[in-house]
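**Q** So the protein lines, in turn, are chains H and R.
Our numbering puts the first residue of the first sequence at 87, with every later residue one more than the last.
Our numbering puts the first residue of the second sequence at 11, with every later residue one more than the last.
There's no promise every hint is true.
Under the rule of at most 20 Å between Cα atoms (straight-line distance), these lysine to aspartate or glutamate pairs were calculated in the EDC-like manner [claimed, not checked]:
no. : chain 1 : residue 1 : chain 2 : residue 2
1   : R       : Lys12     : R       : Asp49
2   : R       : Lys162    : H       : Glu311
3   : R       : Lys162    : H       : Asp323
4   : R       : Lys12     : R       : Asp367
5   : H       : Lys182    : H       : Glu172
6   : R       : Lys12     : R       : Glu355
Please keep in mind that the hints were generated in silico from the structure rather than gathered at the bench.
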Amino acid sequence: MADAEDRSAPGTPGAAFREGYVEADGFRIRYMEAGQGVPLVHLHGAGGLRLTPGHDLLSRHFRVVAFEMPGFGQSPENSRTRSMPELASTMAQAVKNLGLDTFNLMGTSFGGKTALWLALQAPERVLALVLEAPAAIRQDGAESPSGSPEEIARRLYAHPERLGAIPLPDPATRAKTQPLVQLLRGPNRDADLESRLSGLGPPTLVLFGTLDTVIAPAMGRVYKELIPNCHLVFVYDAAHAISTDRPEAFAEVAVDFLERHEAFVISRTETVIHP
Amino acid sequence: MKVSFFETARYRAPQALPPEWPVPSGAYDRDAGVQAYRDMIERLQYVEELGFDWVSVSEHHYSPRILTPSPIVSASYIAARLQKITIALLGPIVPHSNPVRVAEELAMLDTLAQGRLVVGLLRGTTNEAMTYDLNPQEARQRTDEGMELILKAWTEPQPFGWQGRHFQYRTVSIWPRPLQQPHPPTYALGTSRESCEFAARHHLGCGVSYGSFESVGKATRYYREQCARYGWQPAPEQIIYRANMLLAETDEEAQALLHAQPGGAPFAMRAGVRDAIMALDSRNIAGEARTLNVGGALPTTFVGSPDTVVEQVRCCRNVVGAGVLDLSLHPPGSGDLGPLMRALELFGTKVLPRIRDI
Chain H
87 MADAEDRSAP GTPGAAFREG YVEADGFRIR YMEAGQGVPL VHLHGAGGLR
137 LTPGHDLLSR HFRVVAFEMP GFGQSPENSR TRSMPELAST MAQAVKNLGL
187 DTFNLMGTSF GGKTALWLAL QAPERVLALV LEAPAAIRQD GAESPSGSPE
237 EIARRLYAHP ERLGAIPLPD PATRAKTQPL VQLLRGPNRD ADLESRLSGL
287 GPPTLVLFGT LDTVIAPAMG RVYKELIPNC HLVFVYDAAH AISTDRPEAF
337 AEVAVDFLER HEAFVISRTE TVIHP
Chain R
11 MKVSFFETAR YRAPQALPPE WPVPSGAYDR DAGVQAYRDM IERLQYVEEL
61 GFDWVSVSEH HYSPRILTPS PIVSASYIAA RLQKITIALL GPIVPHSNPV
111 RVAEELAMLD TLAQGRLVVG LLRGTTNEAM TYDLNPQEAR QRTDEGMELI
161 LKAWTEPQPF GWQGRHFQYR TVSIWPRPLQ QPHPPTYALG TSRESCEFAA
211 RHHLGCGVSY GSFESVGKAT RYYREQCARY GWQPAPEQII YRANMLLAET
261 DEEAQALLHA QPGGAPFAMR AGVRDAIMAL DSRNIAGEAR TLNVGGALPT
311 TFVGSPDTVV EQVRCCRNVV GAGVLDLSLH PPGSGDLGPL MRALELFGTK
361 VLPRIRDI
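Chain R with its partners taken away, still in its complex shape (with noise of 0.2 Å):
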């Protein structure tokens, strides 16, 4: 089992902030952002330190629970500071960005980190269509448009011109190409049927996250089914499972820390929007629609003493057949540090060094 650290820059806001999402900007604490990126830098020093794999960041926005809207930025920054591990963007919204521009920076990113790069490309949570004015019916099939682009653009040797449906360029002929031949590991991300399709026809690597491991188990499944169909079969670090864990000393410690944890979800939509939202999402995990977590709590699959944490590794790898763990120790958002630093020493001495044969 491969193990990935997911960073999102915890921010610490020294007063209450409202409760909204979009959180209004002039709510932000410029101190705070500079302490949340230095913090960020120290805590990977001490995550690679610990034997991690890589690390993973994500795009998410108008929000301090994720402080990282440009993930190349981060990627990039973490891959100057730190020298040995993988640094996996998972990764570019595809659907509200140019997929030439992703292409490009990714393979300059990767010719920068010397092939330490891993890349997954994804449609979003359902907010960040707001983001941009992204009209959300649109977002499935710009995703796999861009996806397809992104690829054409790493690896098409002649100037080529795309003649899409929702993107058109005439010239493309990217510099530099990724470092990685024919490209970095890619990963479609997310459990629809369509996600899983697309990975297995590119032959490229499925990630899912935060499901219980029967319902990404699902998606994983149909996953290598695909892949069979266009006869091929995925390595275990092809599939990607990202989760929260509440890792103590004991059992009796971790479940009291999940106790401890709000219910709701921070920074909730208005539920009129969040309503009008979800009618138009058609979130599905290998074709069987699925019931949006919009406004509730991400769910923590591993919870427990090393032991016990352990053996819902082992559960995971059979069920789900995940090679890379993608975890956030202590649930992101967090601001909560010291904790964060101890379940981090922990998992680093008393459950990796037991998950590396799973």
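Isolated chain H, as found in the complex (with noise of 0.2 Å):
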């Protein structure tokens, strides 16, 4: 723990990652690596991989692989993956060539549905799963933050105070990987994968910002009742962005959901003022 707070420099997130790659179904992923432990793979949202506080966080706890998924941020532009469960197939394997038999799993938004496919075709190597301000169910009317970087970051987040050094999206990066977006995101409500949810298999929590926009909070409770061991957190005043907006907040919930599953519903909290 010590060693990972050594390295990170302030202001700077995930400075104490390290890059690399690995070789799946043909594409040649890009992952940022820290810390030690179970490992937790993340699944970024449609905008690429953005380290943020909550990675360094969660780092301390877990061996955090955060992939880069082909198509998105520096990789080339992807035309070969033509639904969400092949890229969650792609990336179950990418994990696999990793040498990871079972871990952790996390999805952020556009990830989550990702996320959430994955743990439908590999149940037995999943963990547990977080997902944070999951885009696989979707109100009527829904719209992806659109416009320039600032426009998109009025959309996702509360507190851009809080983005330091992560740089604002980049619309060139953003303009290539929309239409693989577009495409692999699916319906609103996608019934295929809705049907499937009564049988996921590892404990679930789903995480929404009191002052998400993009997709409202309110989608929170379809999760619960689709997926049978599920928990709803809402993390007061962040937005869609909920681990750059109170990466504390959201990194505390979520290791503790990672260690104790359902059992993290018992207070641990010490309360004693003097002894």
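Assembling the complex is the task here: the two chains are given apart, and the hints tell you how they should meet.
**A** Here you go:
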């Protein structure tokens, strides 16, 4: 833990993360890794991989492997992947090729849907699932953030002052990935996926920021209705990008859930003021 | 105009009381306490008979001036003893409460009272922070978060956790839920920019108190602007104005009552405490710093004969935009019940029928 703190320059999220590449399904997939212990695989949102203070906090407890999925960020355009289950299967393969048999899985927004498919495809490998503002179930009329980087940032963050050294989304990269996102994200209500959720094995934590204007936080209850072992937590005063707006609050509940699963409802907060 | 009677459980001390807040609880007289609550019910039955729309109760501590430290207890007791009147619980001091508990109790009361509940949520007056060791600098933030959690607890059908800044729960799933859906009519009480914005964002009413029409009018105007920004328009009864009224047969008599009022607040804080807590306060009216009233008497807004008061109410409606008047007829804390009952009768017969259409 101390080691990770020493290597993180203040204000530079992900400074302790090392870059790596792994081959899967003919893609060369970039990932960022930090920390030790049980692996925690992260699948990013439609904006691509952006390391946040949330990743740093999680890496104090887990071996965090944050992937850049094919077609996003620095990777070449991806015109091969045709569906979300296909992307999930590629990512499962990438994790396997890193030598990780079982792991915790976290998906953010768009990547929340990828993570759900991955957990459905490989239930015996996923220990527990954390979905940060998942975009797998969306309200009527849901609209993705669009426009200038500043306009997009206004939709994603309630506390842009906490962005620190994290750059705003790059319009060119975004333009490149938009067709892929459009193809893979599916309808607002995906009957095929939803019909399978009653069979989802791993304990699941769904997080929504109370100020999310991209995905209505009220969608959280649908996950609870559909997934057998599902917990819903609202992160107060966070918008869509929870782990940037309130990284400490985000990481505390995510870590507690990944460590204790449904028993995380039992408080461990100590209230003794003086012995 | 709807009219609410602000009930403070008038305690009549059998002997002189120490002047400082907190008032030593050893000075409390148990018989006087029993009598105060007995009189309260008798008075409220009359208030209901006179046709008042609401009776309101508030939360104040460590003093006999307003003898209702737990508004949920007073509201429940009143609801059980009265038949028709709406109970306005204005309101639990949110920052030093357990918001989930507040949501549960209010939902229970709404059900027990068969939907006769109106709720105001607030930060509380400055001195109340000391009641349960609340850091005054955290009061605003705890209020906002607590109010949001109460609304969520009332409306979210699935068990949920709350990862807050000041409150944290892993499982919330209240029973019963409120009878009124999605929840009882709810007001954010206060003139501050923060309070008005919260009310506008959550489609809540707004409650202001004691300031002049012009000064609280700034707050209600700001509230309406914010509502417009969020794409809605509040109804008149979504604005409550709480004020003191001194009503008499003639203007001269009313003015005489006003001049007989004591100048300072009863049970003031020690000066060193008062100055220190005022330095920490961020009270404002729609963003403009507000002069704190700590140690002074609360102003009396409505003074005069029925004719004069009716005109003042008309002016209030125009300037403040309030559709609900929450009135202390005779200052809260006054144990002088005879004049209070006469003022009530006068108000019920000579004022109330004439302000309905305002």
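**Q** Run every hint past the structure and note whether it holds.
**A** Hints, one by one, checked against the model:
At roughly 24 Å between alpha-carbon atoms, R:Lys12 and R:Asp49 are farther apart than 20 Å, so this suggested pair is violated. Only pairs whose Cα atoms come within 20 Å are accepted, and R:Lys162 paired with H:Glu311 is accepted, the gap being roughly 18 Å. For the hint linking R:Lys162 to H:Asp323, the alpha-carbon distance of about 13 Å falls within 20 Å, and the restraint holds. Only pairs whose Cα atoms come within 20 Å are accepted, and R:Lys12 paired with R:Asp367 is accepted, the gap being roughly 9 Å.
Note on H:Lys182 and H:Glu172: the hinted pairing holds, with a Cα-Cα distance of about 15 Å set against a maximum of 20 Å. Distance restraint check for R:Lys12 and R:Glu355: the Cα-Cα separation of roughly 17 Å lies within the 20 Å cut-off, and the hinted pair is therefore satisfied.
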